[in-house]
Amino acid sequence: MCKSDLDKKYLLKLYVTGDTPRSDRAISNLKELCEENFPNNYKIIIINVLKQPDIAEKEKIIVTPTLIKESPLPQVRIIGDLSDIKTVLIGLGISSRKHDIFSE
Amino acid sequence: MPEENIQKLKTGIPGFDLISEGGLPIGRTTLVVGSAGCGKTVFSCQFLIEGIKRGETGVYVTFEESPTNIRKNMRGFGWDIAKLEEEGKWYFVDASPEPGKNAYISGDYDLSPLLARIQYAIDKVKATRVSMDSLGAIFSYIPDKAQIRDDLFIIVSALRDVNSTAILTSERNQEYGSISAHGVEEYVADNVIILRNVLIEEKRRRTLEILKYRGSSHQQGEFPFTILTDRGFVTIPLSAMASEDRDSSTIRISSGNLELDEMCGGGFYRDSIILASGATGTGKTLLSTQFISAGIQNNERCIYFAFEENRHQLMRNARGWGMDYTQAEKEGMLKILFRYPESTRLENHLIRMQEAIQEFKPHRVVIDSLTALEKVATFNGFREFIASLNATVRGQGMTGLYTATAPTLLGGSSVTESHISTSTDSIILLRYVEVYGEVKRGLAVIKMRGSKHDKQIREFIIDDKGMHIGKSFRNVIGILSGNPTYVDQDEVNRLNDLFPDEA
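Protein chains in written order, with this note's numbering: chain S, 1464 to 1567; chain Y, 5 to 507.
These are computed hints drawn from the structure, not numbers from a lab.
Some hints could be false.
Computed list of lysine-lysine pairs in DSSO-like fashion (alpha-carbon distance at most 30 Å, straight line) [said to hold, decoys possible]:
1) K1514/S <-> K87/Y
2) K1514/S <-> K1472/S
3) K1521/S <-> K57/Y
4) K149/Y <-> K1514/S
5) K1514/S <-> K130/Y
6) K128/Y <-> K1514/S
7) K149/Y <-> K1523/S
8) K1532/S <-> K149/Y
9) K128/Y <-> K14/Y
Just chain S, with the same shape it has in the complex:
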């Protein structure tokens, strides 16, 4: 595991649809993961697409939960309830191993 940009803060936007078990699961999975890997160095914004469908339109959100890593760049999208932590870490650029979901 290589923590590359310690000085740069992680800006993470999590899009969810309402107050569902799946949304809750995604939120708690994300928080847990952030605390474990880059404590105090992240910001999570939770966006409810039911309340803000125009933002969902602008960001072209088709499925929820969708996590978008806004910074550090490049922007990355991760969909699902984030229960597969390994994939999330790869997506966030924390795990060094190159991993493509379609190569499975």
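Following the hints, put chain Y in place on chain S, whose structure we already have.
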């Protein structure tokens, strides 16, 4: 559940409302499937466009092409989508994939934002129509089919709740076979329409079939359609044609040739269709010219669809027989339309011809010749062409004269003839007759629906005044079979004595 008739929404897509007996069921989702390039996107765009023309509004959900591309592609049909968006009549929900931005997948997810966005869009423009095109693309970046299916169910029922009439398009891999490529879509929609684009004898044939219309009636089978640059999607309803059950006319009109009128028992019936068949040079175009000439003299408007000779040739020929087409066109009594048969597909010819007929409202219609048109069509396509054209001509009480060219000089029947002879009211045969080293011309009326007619094969000559029909070939047999034989006068007399009534 109370029995309730399903209300239908007139789509405005030409011909489709007849085939579907009223349009698309209101508040339901109709699946439109077809292989690549069959016209799904045009159909789904036009569904919204026609709605907007009727004062409705629409939401377009695109899964495949970007809104920018759609705006650009549809400009070709004269549809200014950007302007409609500004006016708040059209709203895009962009669910198209962004190249190079594949998401990582970690755990469960659902498509609920899509529904939220659609609902937001519907609410924003107060949409009554929704098009979703093309679903197949979503499977490529969301691998979970079962999830997509569940979410589609939710979207479809949500659309039903807000009474939106929707189209959902999807791909299929073959023209005949399983309904959709992913096997999911057809379970979601109440109605299924299949668009086909089949290659037959090196010619493309596009058809539309309503496969399933839950709880609602519709026309069965495949209906040809075409996509025109100025009108978009046009379906050609055949059996569903609005047939006015009008009385057959007993009014006779002149063929332009007194002798021929006599042979037909006093002229053609006004709302009849006459087929003139003969080898090249037997006088079919002359017959057409005389037919038009008589119409103009009688103050009837005429339309001439030429597929073999161009305007100038026709005008020159007519002038040779003392008929001034140029003057008649100036006065608005005549319209000559020349097109190369190969210039477009038969369906397009048909639509253009029907348009011209609707616009010009002629009393007489000439098509010279059907054989030229037949060459560019498939067997079924030609049959449908004739059926649809006849309905237009007959349905409005016009008289139609079609010509067909026989492939051989002597005798023989053309393929065209065998296709359409049952759908015409009268058939006139023009034949070359070889008698003692001389080629003469013969004419026979072999069918005259609803009337007595002359049964003899008569000789005719063509001079600078036109056609002159004379006596019958009483001494020649085998003209129709293309094998004329001269017989002795005594033998003719003997035969006449045998069948006194037939003479």
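Hint check results:
no.: 1; hint: K1514/S <-> K87/Y; result: holds (28 Å)
no.: 2; hint: K1514/S <-> K1472/S; result: holds (27 Å)
no.: 3; hint: K1521/S <-> K57/Y; result: holds (28 Å)
no.: 4; hint: K149/Y <-> K1514/S; result: holds (27 Å)
no.: 5; hint: K1514/S <-> K130/Y; result: holds (19 Å)
no.: 6; hint: K128/Y <-> K1514/S; result: holds (14 Å)
no.: 7; hint: K149/Y <-> K1523/S; result: holds (20 Å)
no.: 8; hint: K1532/S <-> K149/Y; result: holds (26 Å)
no.: 9; hint: K128/Y <-> K14/Y; result: holds (23 Å)
In summary, this structure violates none of the numbered hints.
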